[in-house]
Each structure stands twice: as structure tokens, then as C-alpha cells.
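2 protein chains.
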Amino acid sequence: MKVAVLCSGRGSNLSALLEAKARGELPCADFRAVLSDQEGAGALDAARVRGIDALTVRSSDFKGDRPGFEKRILEALAPYSIELAVLAGFQRVLGRAFLDAFPAGVMNIHPALLPSFPGHMVWSKETDYGVKLAGATAHFVDEGVDSGPIICQGAVPVLETDGPDELSARILKVEHRIFPAAVGWVTSGRVSMKGRTSLLKGFEPKPGQAEAFLAWPALDA
Amino acid sequence: MKVAVLCSGRGSNLSALLEAKARGELPCADFRAVLSDQEGAGALDAARVRGIDALTVRSSDFKGDRPGFEKRILEALAPYSIELAVLAGFQRVLGRAFLDAFPAGVMNIHPALLPSFPGHMVWSKETDYGVKLAGATAHFVDEGVDSGPIICQGAVPVLETDGPDELSARILKVEHRIFPAAVGWVTSGRVSMKGRTSLLKGFEPKPGQAEAFLAWPALDA
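Chains as they are written, first to last, in the working numbering: chain A, 48 to 268; chain B, 48 to 268.
Any given hint could be a false lead.
[Unchecked claim] A partial selection of chain B residues facing chain A, derived with a Cβ cut-off under 7 Å:
(1) 119
(2) 178
(3) 192
(4) 196
(5) 202
(6) 207
(7) 228
(8) 244
(9) 261
(10) 262
FYI, nobody ran anything at the bench for these hints, they're computed from the structure.
Since this is a predicted model, take the numbers as computed values, not measurements.
For every residue, glycine included, the Cβ atom is placed at its ideal position computed from N, Cα and C.
Make a model of the complete structure from these sequences and hints.
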């Protein structure tokens with residue numbers, strides 16, 4: 048499946064995907080292009096190092112013109128016949144025409160256990176709220192803010208000593224684990240939808256897995 | 048610490064608390080009274096079996112008169128000098144005067160990973176949304192709907208075969224594990240607040256505990 052990754056920043060989730068690919072874990076993902084809406088984004092270098100085309104469509108050239116911005120991205124990606132768009136730190140709400148341009152859809156990784164804490168500034172919202180479990184969600188993108196169907200979620204404890212930065216780092220590790228898995232499932236055609244619920248073809252929980260449990264504070268505290 | 052448990056239904060969380068007490072796990076919790084707002088609630092029998100006073104204040108006698116209902120409950124509990132009120136399936140929003148009547152506060156158990164899915168009918172909301180992780184939250188009660196400071200959270204997978212009933216049963220097991228722990232921490236004076244964040248005195252995560260991680264679907268799916 049031909050994949051484009053859209054980024055804005057240093058692209059650590061892009062790197063996690065490309066490293067998983069290099070380890071042979073994403074045999075069906077054909078990363079054809081990486082596109083950034085910021086000039087000089089670290090993600091572009093990460094792409095070039097792997098021999099993947101690195102494109103830039105500056106969002107600053109399209110202030111207040113979201114349709115024009117999205118159209119320009121689709122034009123830039125047109126030569127690659129992209130089937131799946133993967134957002135890795137590309138924090139923009141996208142329109143229907145853009146979403147419909149990719150036959151396998153658009154995926155995103157969000158640093159929270161959705162539907163808790165959609166949108167921006169998640170980590171300070173989480174530490175301000177005082178949640179004991181946080182995590183990340185890999186999901187399909189719809190026209191809302193982090194509101195599309197969920198593919199995979201991962202949870203971790205929030206420590207008493209965690210500020211937004213520490214929590215961000217802990218959640219980023221979760222993102223780097225679950226996003227490559229989710230991209231692997233989607234690119235290998237294993238994910239289908241039943242209403243808003245994603246189904247993973249061939250997934251039979253191993254003995255004990257369905258009884259998995261994570262509590263925080265630890266119950267023997 | 049003198050504790051009253053407020054229930055509406057069969058009181059499975061009450062039973063979990065009383066069983067933990069019987070096992071010696073809640074040495075500082077002195078369960079003095081169980082109060083139901085429904086006549087003949089199973090929770091009342093569970094209390095009587097353990098020799099705990101069982102009280103009823105029928106909510107149906109106070110339709111549209113929340114202050115009167117709460118006042119009547121406080122009057123019923125007055126002889127017991129209750130320090131902590133524990134809500135176990137007592138689904139009512141409470142006023143400031145009621146909350147302030149208990150020096151150690153009011154606790155609740157909610158069948159979701161708050162702030163996701165507050166309020167009623169949680170399980171069908173969760174399966175409709177298609178979350179991959181669900182769980183329960185033990186928290187202090189404020190004047191909002193399931194919006195008070197969190198004490199403990201526990202997460203479990205949501206299986207593809209889960210309807211609301213299956214998910215409810217899986218989450219109930221989490222409630223029965225985390226609520227006695229949280230009540231134990233509060234009654235032994237170990238829980239303090241820093242803003243909205245609860246701190247657990249003497250909790251030093253054991254090696255590896257802080258790296259705990261739960262993802263669903265399982266990443267080796």
C-alpha cells in the first residue's frame with residue numbers, strides 16, 4: 048500500500064515508522080513521500096536519509112485558505128498515487144475532499160486516551176486534571192478534532208512527579224509502539240469497520256491477553 | 048475512619064468493600080452504616096449480613112427536592128459521626144452542603160476512564176464510540192458529574208465481541224479491584240491533594256511498575 052506521511056516537526060513518529068519498516072515489520076507499507084507544512088522540518092531529513100521523497104507545502108502560504116492548502120497538498124502528492132495518508136504530528140483539521148482523496152483513509156496518532164483530551168496542549172490538560180492513566184490513540188481521521196474511529200490505544204501510568212514534559216516523553220514512547228503496529232495492520236488490509244468500531248482481521252487474543260489490566264497507583268502501593 | 052456507604056442497587060461494589068474489610072485489607076475503614084435510596088436494595092441485605100446498620104431514604108419521597116433529600120440523608124447518618132461517604136452505585140449529583148458534611152470527603156467509583164464518558168449509560172457509549180481501552184475511576188466527588196479529583200484508575204481491553212453487557216461485566220471486575228484499594232488509601236490517611244492531583248503517601252513504585260503499559264489490540268496481534 049502506497050503511503051504518504053504528513054508532518055510538521057521533528058518527525059519522531061515518522062522515524063518510528065521508518066525504523067519499523069527497516070526492521071521488516073511493515074512489509075505492506077510502501078512509504079512513497081513525506082510532506083511537511085513547515086520548511087526545514089526535521090521529518091524531511093529523516094525521509095531523505097531513507098531515500099524517500101521529501102516535500103514541503105508551507106501552511107504559512109495559505110493563511111485562512113484551508114481548501115487551497117489541502118488542494119496544494121493533494122497536487123504535490125498526486126504523482127505518488129498515495130492510498131493511505133498518515134499524520135505524524137500534522138496538527139490540522141482536514142476537510143472531506145482531502146479525506147476522500149485517499150482510498151484507505153487518513154490515520155493519526157494522538158497523545159491521549161481518546162475521547163479524553165482531544166486537541167492541543169494535551170499534556171498540561173492531563174496533569175492539570177490529575178488523571179492517573181494517560182496514553183495514546185491511533186485512529187482514522189474524520190472532519191472533527193481527533194474524533195475519528197479508533198484503531199489502537201495504549202495506556203501508561205501518570206507519576207506524581209510528572210509535569211507536562213515528563214508525561215509527554217512517557218506518552219511519546221507509547222506513540223512509537225502503537226502507531227507502527229496500527230499502520231502495519233491498516234497497510235496489510237487487516238482493519239475493517241463495523242459502525243465506529245474497528246475490527247482487526249485474524250486477531251485472536253492469546254490466553255490471558257483479554258484479562259490484561261493496568262491500574263495506577265499500583266494496587267499494592 | 049468512620050465510613051458510610053451509599054447505594055441504590057444490588058451493591059456489588061459494597062460487597063467488594065466489605066469482603067476486602069473481612070480479609071483485613073481495610074484496617075482503618077470502620078463501616079458504620081449503609082444507606083440506600085431504594086427500598087429493598089440488595090445492598091441493604093449485604094450490610095445486615097455483616098452486622099452493619101442498613102438505612103433507607105427513599106429518593107422517590109423527594110422528587111424535585113434535592114436539598115430535602117440530601118438533608119434527610121444527613122439526618123439519617125448523623126448518629127454515626129461519619130467522616131467519609133462512599134458512593135457505590137449511588138448515581139446522584141450532590142450539593143455543596145452535603146459534600147461538606149463529611150470531613151474526609153465523598154468518594155465514588157465510575158465505570159469509565161474519566162474524563163471520558165461521565166454520566167449514565169457508559170457502556171453503550173463506549174462500545175458505540177469504539178474505544179479499545181476502557182476501565183474504571185475511583186475519585187472524590189465534587190458538585191459536577193463525575194468531575195472530581197481522581198484517586199485511582201484501572202484499564203482493561205475492549206474486545207471486538209463486547210457489547211455493553213460484556214463490557215460492563217469486565218469493567219465491574221476493575222471496579223471491585225480498584226475501589227477497595229482507593230478506600231483503603233483514603234481511610235488510612237494516605238491521600239492528599241495538590242491542586243486536582245491526588246498524592247499517595249508512601250507510594251514508591253517498585254522497579255518496572257512505572258514502565259507498565261497496556262495496549263489494545265495486543266501489539267503482537
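Evaluation of the provided hints:
1. 119: violated (32 Å)
2. 178: Holds: closest Cβ of chain A sits about 6 Å from residue 178 of chain B, inside 7 Å.
3. 192: Violated: closest Cβ of chain A sits about 15 Å from residue 192 of chain B, beyond 7 Å.
4. 196: Holds, about 5 Å.
5. 202: Holds - the Cβ of residue 202 of chain B comes within 7 Å of chain A, reaching about 5 Å at its closest.
6. 207: With Cβ-Cβ at 5 Å, under 7 Å, it holds.
7. 228: holds (5 Å)
8. 244: holds (4 Å)
9. 261: holds (4 Å)
10. 262: holds (4 Å)
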